[in-house]
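*Asks:* Now for the letters of each chain:
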Amino acid sequence: MNAVRIMWRVTQLNFRAQLEYRTEFLMMIAIGAVWQVSVIVFATVLLTRFAGMGGWDSSDVLLIPATRMLAHGLFVLFLGRVHGLGRHIQEGKIDAYLLRPLPVYRQVQLEFFPTNAIGDLTVAVGLMAGALGRSHLDWTAGRISYLIAAVLGGMLLEAALFTVVASASLRFPAADYWGRWLEELLGTFGSYPLNVLPRAVGGFLTYGLPLAFVAYFPAAVLTGHGHSTGAPYWLAAASPLLGLLAYLAARWLWRWALGHYTGVNG
Amino acid sequence: MTTLTYAWRAARVTPLGELYTPPRITAALLRLTVQVVLVASLWHGLYAQTGTTAGLSRDQAVTFAVLAVLASRLRELDQYAGRDSVAQHMYYGTVVYWYLRPLSPHRYYALRALGEQLYGLAWALAGYAICLAAGVVVPPESAAVAGVFALSLLLGQWVLHYVMLLIDQLCFWTLRNTAALLILIFAQNLMSGVYAPLWFFPHWFLVLSSFLPFQATLNVPLSLYVGRIPLSDAGFQLGVQAAWLVALRVLTRFLWRRAARRVVSQGG
Chain A
67 MNAVRIMWRV
77 TQLNFRAQLE
87 YRTEFLMMIA
97 IGAVWQVSVI
107 VFATVLLTRF
117 AGMGGWDSSD
127 VLLIPATRML
137 AHGLFVLFLG
147 RVHGLGRHIQ
157 EGKIDAYLLR
167 PLPVYRQVQL
177 EFFPTNAIGD
187 LTVAVGLMAG
197 ALGRSHLDWT
207 AGRISYLIAA
217 VLGGMLLEAA
227 LFTVVASASL
237 RFPAADYWGR
247 WLEELLGTFG
257 SYPLNVLPRA
267 VGGFLTYGLP
277 LAFVAYFPAA
287 VLTGHGHSTG
297 APYWLAAASP
307 LLGLLAYLAA
317 RWLWRWALGH
327 YTGVNG
Chain B
23 MTTLTYAWRA
33 ARVTPLGELY
43 TPPRITAALL
53 RLTVQVVLVA
63 SLWHGLYAQT
73 GTTAGLSRDQ
83 AVTFAVLAVL
93 ASRLRELDQY
103 AGRDSVAQHM
113 YYGTVVYWYL
123 RPLSPHRYYA
133 LRALGEQLYG
143 LAWALAGYAI
153 CLAAGVVVPP
163 ESAAVAGVFA
173 LSLLLGQWVL
183 HYVMLLIDQL
193 CFWTLRNTAA
203 LLILIFAQNL
213 MSGVYAPLWF
223 FPHWFLVLSS
233 FLPFQATLNV
243 PLSLYVGRIP
253 LSDAGFQLGV
263 QAAWLVALRV
273 LTRFLWRRAA
283 RRVVSQGG
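Chain order of the listed sequences is A and B.
Converting from the first sequence to this note's numbering requires adding 66 to each position, the first position being numbered 1.
Converting from the second sequence to this note's numbering requires adding 22 to each position, the first position being numbered 1.
The shape of chain A in the complex, shown without the other chains (with noise of 0.2 Å):
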């Protein structure tokens, strides 16, 4: 209980740290705004002129961008500084956080308030209720919490990702380069149907980069398409919890590489 007060103590203060600079504030929802509203644009441009991609119904494709925007934008939200961690790792800011009577893992995420989240999770909302409107399916209770639990499996599975790029990054800084990429790939990649791409990248972006397994694979599952995935249903169905578990073996990993972490000091 103590650890949440502080933890909510030191984000209200995050928040009004970012309020010192207005302009800076209202710019940064803003770049969370525009970033997400680029993909809506990508997805809009390739549905426009694609039309019936990889075989799914325009309405069904919208809720891919939509899911895996809203999981990212809790990602951004509740996860998100292990994202270029490198760079502080380079500026010896850990060596301080070992210091501290809080868990490494905790302080790195309240290094700072992420005001683009806000931005973020406003599009996002805005997509999803755009793409819940859209759709034909009949969204029982079942489908319902189906799609939440994807939507946090997805945020939980984004943030499995970079935790591992930040688990790296410990021993060797560049590793951030990576994360810069992962986050290029997850906006550009994860946004429609993978069938569309040749059965081996799509095994790639299934088994070596799991990218399907955010956005793609639950709603392949919740409009019907998930026989036609390639990848076995029962798989692409238990995307939710293998976001939760690819989360818990990241953590496992980060302690790991914490333990095996030496400073410039030695």
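Please note that a few of the clues may not be correct.
[As the list claims (entries may be wrong)] Derived CB-CB ranges, DEER-like:
| no. | chain 1 | residue 1 | chain 2 | residue 2 | range |
| --- | --- | --- | --- | --- | --- |
| 1 | A | E157 | B | Q71 | 24 to 32 Å |
| 2 | A | R321 | B | V56 | 44 to 52 Å |
| 3 | A | E177 | B | G115 | 48 to 56 Å |
| 4 | B | A168 | A | R88 | 45 to 53 Å |
| 5 | A | R317 | B | L38 | 18 to 26 Å |
| 6 | A | L307 | B | P44 | 34 to 42 Å |
| 7 | A | G329 | B | A168 | 47 to 55 Å |
| 8 | A | R321 | B | T55 | 30 to 38 Å |
| 9 | A | T114 | B | V272 | 33 to 41 Å |
| 10 | B | L140 | A | F81 | 41 to 49 Å |
| 11 | B | L140 | A | L307 | 45 to 53 Å |
Calculated from the structure, these hints are not laboratory results.
C-beta: ideal position from N, C-alpha, C; glycine also.
Take the given structure of chain A and dock chain B to it, following the hints.
*Replies:* For chain B alone, coordinates are given in the frame of chain A:
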């Protein structure tokens, strides 16, 4: 001779940072390879059940998208890792050293950018040669197209240099400007065709882009290469690029002079 030495030293600053960190080079190689494969696969997949759309055939769209990925290597070097970005120099106050060297800041900036772009060009050319040999991209239709493309790419990269310089010069006026920088970089990527060829966008978007310098950086040269802009229109497009070049050069030189007045060393 001394001038040449200064030029060489300034031009190799950022590439050296990359060459001294082999994991970064390995990562860049892997990233570029995977990105080319993914982008080519995506556009092949999208065109599987469609003929020519937005005036672009499948080969033209794939070539455009792959060349855009390769061109993005031209300015991808990380100045931040070496604490040599303008934003960092302004934040830490070390920008004052730029004004104490026997090389003016604007010349140092230009030479450093030239080195970065030449280093990136080596990557892009190697990638292009491999993609061409593998049949991922189609060659230009004629020697004239190739020549016009090369000239347009040169002008485009020059315009891009000034756009990036403008973004950096903003740091002299605003200490906290991460968001502004991100918005400008985003606009540059979106309106130059990095995300998707501009021809796929609605008409109003094309009209809006035609009033901004971003499309001159990449969309024009790549459209000339794939033949979406015919050679008969090349003169006008090259003229537009040159006009942006002159306008941005005048503006950035003016801003360099104004920026110098804002630099104060510790203690005044």
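*Asks:* Run every hint past the structure and note whether it holds.
*Replies:* Right, here's what the structure says about each hint:
1. E157(A) - Q71(B): 24 to 32 Å: violated, 51 Å
2. R321(A) - V56(B): 44 to 52 Å: violated, 29 Å
3. E177(A) - G115(B): 48 to 56 Å: Violated, since E177(A) and G115(B) (Cβ atoms, about 23 Å apart) do not stay within the stated range.
4. A168(B) - R88(A): 45 to 53 Å: holds, 51 Å
5. R317(A) - L38(B): 18 to 26 Å: Since the Cβ atoms of R317(A) and L38(B) sit about 37 Å apart, the hinted range of 18 to 26 Å is violated.
6. L307(A) - P44(B): 34 to 42 Å: The hinted range 34 to 42 Å holds for L307(A) and P44(B), with Cβ atoms some 39 Å apart.
7. G329(A) - A168(B): 47 to 55 Å: holds, 53 Å
8. R321(A) - T55(B): 30 to 38 Å: holds, 33 Å
9. T114(A) - V272(B): 33 to 41 Å: holds, 39 Å
10. L140(B) - F81(A): 41 to 49 Å: At roughly 45 Å between Cβ atoms, F81(A) and L140(B) fall inside 41 to 49 Å, so the hint holds.
11. L140(B) - L307(A): 45 to 53 Å: At 50 Å between Cβs, range holds.
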